[in-house]
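Trainee: Given next are the chains, with one letter for each unit.
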Amino acid sequence: MARITLDHLAHAYGPHPKEPQDYALKEIDHVWRQGGAYALLGPSGCGKSTLLNIISGLVVPTRGRILFDDRDVTTLPTEARNIAQVFQFPVVYDTMTVRENLAFPLRNRRVPAPAVRARVEEIAGLLDLRGVLDRKASNLTADMKQTISLGRGLVRPDVAAILFDEPLTVIDPHLKWQLRSMLKELHRKLDLTMIYVTHDQTEALTFADTVVVMHDGAVVQTGTPDELFERPAHTFVGHFIGSPGMNLLPARVEGRTAYVEGHAIPLARGYPDLPEGRRIELGVRPEYVHLAPRGLGLPVRLRRIDDIGRQRLARVELGGRPLVATVAEGQSLDGDEAALTLDPRQIHIYADGALVPGLAAGGGAP
Amino acid sequence: MTKTVNQKAWLLVLPVFLVVAFSAVLPLMTVVNYSMQDTFGNNQFFWNGIGWFQELLDPASQFGERFFDALWRNLLFSAVILAIEVPLGIAVALAMPREGRAVAFCLVVMALPLLIPWNVVGTIWQVFARGDIGLLGYLINRLGIDYNYAGSALAAWSTIVVMDVWHWTSLVALLCYAGLKSIPDAYYQAARIDGAGALAVFRTIQLPKMRRVLLIAVLLRFMDSFMIYTEPFVLTGGGPGNATTFLSIDLVKLALGQFDLGRAAAMSLVYNLIILATCWVFYTVMTNVDAGSRAAPAQSDPADAAGSSLPPAATVALDRRAA
Amino acid sequence: MRGRNVVMTLYLLFLMLPIYWLVNMSLKTNQEITTGLTLWPRDITFANYVRIFTDPSWYGGYLNSLTYVGINTVLSIGLALPAAYAFSRYRFIGDKHLFFWLLSNRMAPPAVFALPFFNLYSAVGLFDTPWSVALAHCLFNVPLAVWILEGFMSGVPREIDETAAIDGYGFPRFFVRIFMPLIASGIGVAAFFCFMFSWVELLLARTLTSVNAKPIAATMTRTVSAAGMDWGLLAAAGVLTIVPGALVIWFVRNYIAKGFALGRV
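If you read the sequences in order, they're chains A, B and C. Under the numbering used here, think of the first position of the first sequence as 659, with each following residue one higher. Under the numbering used here, think of the first position of the second sequence as 3, with each following residue one higher. Under the numbering used here, think of the first position of the third sequence as 9, with each following residue one higher.
Looking at chain A on its own, in the form it has when it is part of the complex (with noise of 0.2 angstroms):
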């Protein structure tokens, strides 16, 4: 059991690197605290799976450093780290039994038979695998072959943490739901420092304390689900997460006022010195957009109306530019003229991607 520690951590797979596009993953300074359930989220070709590589120790980065606790693991190799990983795809010893998969690390390691048939027995106990612990591993289901390589992981009593690589791509739609609150639950249990890469963001968000946003070879973003939501450091975090996505809207401010497509939107928050000749953009999630019947905001031309089961969106246009909002139940909609109502707390303003944080009521202080 560890705390993490990623002293500017940066990679390229190529031989010398010199731009920053030369680098896989670009710096990234952190501290993973020891028990925190962690995810990596981002689309593929973001660089999480670079990082997960140097923190299982396949793969050595070209700069920086990596701490367990006050360990330097930089260089060692991943035997010598005691991590543990659970693949994309279920890797099980397929001559042996599922017994025998979960003793192979502790015979591996040359702990005393007693020993290991009782942790065996311990952490087949805790996965649900006592039934199965003396059928061959190679007949079993996609999911139970990922529990048993997870079994393996957790029958170290001394693992630092544990790796997840996308662990539940071939899994069934229904049976993801089950393994992923049986991760959160041994989480609880263990007080296992867990890192779960995945680029789905549901996976993401319902597994984690803390989750790590990667775009494009950096962290944009490392924050509670939360926070992901409601202050999207990022207007990339702002689509990526949430579906729909962030509302986007190329806008010009003027003091607590921002102005899109002509129409004058009242804001929270003051943003006094915004950078010259950057791209501003204004961005609000569609929960915080409220349609509303004509007259009653700011008019909008109303394009469709999606039933999505829990709630209803509407897909509007705002002097040409589109944008979705909430629809409240019940509300009655007619002709295709409609206004909207948006939070102004919730209003975030973007000065080239990146979130500016303006100043609260009053705008004097600091």
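Be aware that a few hints might be false.
[Claimed, not checked] Anything over 10 angstroms on all C-beta distances counts as not near chain B; from chain A, calculated:
no., residue
1, P678
2, G722
3, D730
4, T736
5, R973
[Claimed, not checked] 35 angstroms max Cα-Cα, derived DSBU-like pairs, lysine-lysine:
no., chain 1, residue 1, chain 2, residue 2
6, B, K183, A, K684
7, B, K255, C, K222
8, B, K183, A, K834
9, C, K104, B, K5
10, C, K222, B, K10
11, B, K255, A, K794
12, A, K847, A, K834
13, A, K794, B, K5
14, B, K5, B, K183
15, B, K5, A, K834
16, A, K842, A, K684
17, A, K834, A, K794
18, A, K842, A, K794
19, A, K684, A, K794
20, C, K222, B, K183
21, C, K222, A, K794
22, A, K794, A, K847
Treat the hints as calculated values from the structure; they're not laboratory data. Beta carbons are placed, not taken as given, at the ideal position from N, Cα and C, and that holds for glycine.
Chain A is fixed; fit chains B and C onto it per the hints.
Mentor: The following block gives chains B and C in isolation, referenced to the frame of chain A:
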């Protein structure tokens, strides 16, 4: 993948069936015909029933003794070369470089002996192992060991075994290499994380994944060594004495050399039956292994099916047509 | 790592040494060969090669061999393609037995078939033509091609067939335009193996020919003359039989590994 029942598929198989039947069944009928008859020459044949077979399978008769000698000799030879080539082939496959130009180079050099006509293989070793003009024979003699493959049975045997190892180990190695290549990296990474040493990796990952190709390798090597003819014939002509007269050499001597058609035909049939039986055993084991390894992924299939994503090959095909 | 390289290097050396010796000898005069061991030709000569390329009875052997190998390869692949498709896609009465029977012919000893083939092809008037050898080699090459192609075809998802049918492709057009390009590497591998086994086989090739279609491998026995063995010439002829194989390997080097596993890894 479940196959659909379609009897019209026979139409697609028919050409192959006819050609192979013409090449296999027709000649075999001639053989069966000969095996039941005797001749005094001049194309006059008379019925001999199962006489030749009785003689062949009776170790006390001269003909039977000769047949069983050749049979045991051949089985011993097959056992020896399997015992050498299979472990050596696995070792070579494990020693293959992982990537880069070295892989192509190794593959090409390894495949080279496989594409040399068999009598040239015999010739190469005939020359290479000669004491006077061959490098190998010369060096062995210089070491003070009396070595002459035309004179001593032991030398003849060793030369043929080494020649066969030279000729065919690459086949086993290439098969195993193909099996090893199909193991995903995640298995090796998982094994490292589980603290498995090289031996444990070999036993728990590499060997099980090589099982199918190893079966093919053993089958091919057993069959081909069991009917070896050209290479030892060129090298030693079956001698010295009968020391290296394997079944095929014996059969050709009998059929084309002495034109003893009845005996040769009876021997052919028994020879063929042994091969057929061995082949059947292997085939059964192989289809069982196949069924075993195909059943496992079948159970995890619903996940893929639910994902409803076309496999890569399918997308390739669609791209092709779009282009 | 070091150990692996040592094993590989030793093995490659072991493979190369006899071939090196053959090439070495082919460049020497007979006098140099018989008067003492030299590791490279003192007095390099191409006379042996010149003789092979100028004497029709020598180079004719190569042409004969390549002719029947070529016929056999085309024939085997052409016949095996539809059959392999049937085996990979459909179940029909007797399919398993038929497949086994075909395979068992791949394993049949040529020695058993030498004499009956001789009778058979003499009777139909094909004796001493490339066709007799090409047809005889079909005995083991057609089953082999079926086996390899079936392996590759099973790797192609059935959805392709169905999509093509929905798009209105008839079977022959689908097979040639869509399916065959998909298994191009499989066809290459199968052709390689047909070439290989037809090229290396001698017992049948020699039995079924006498003068006009005599394969090069059989021609090589002529080097024994009244004046003793013509070692240099024999070695040169041997080297030349290695060349076509080496060329073919070079072209398929990226598929060799999968090919030797017969497409079923």
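Trainee: Hints the structure violates: just list their numbers, smallest first.
Mentor: Those not satisfied are hints 4, 10, 11, 19, 20, 21.
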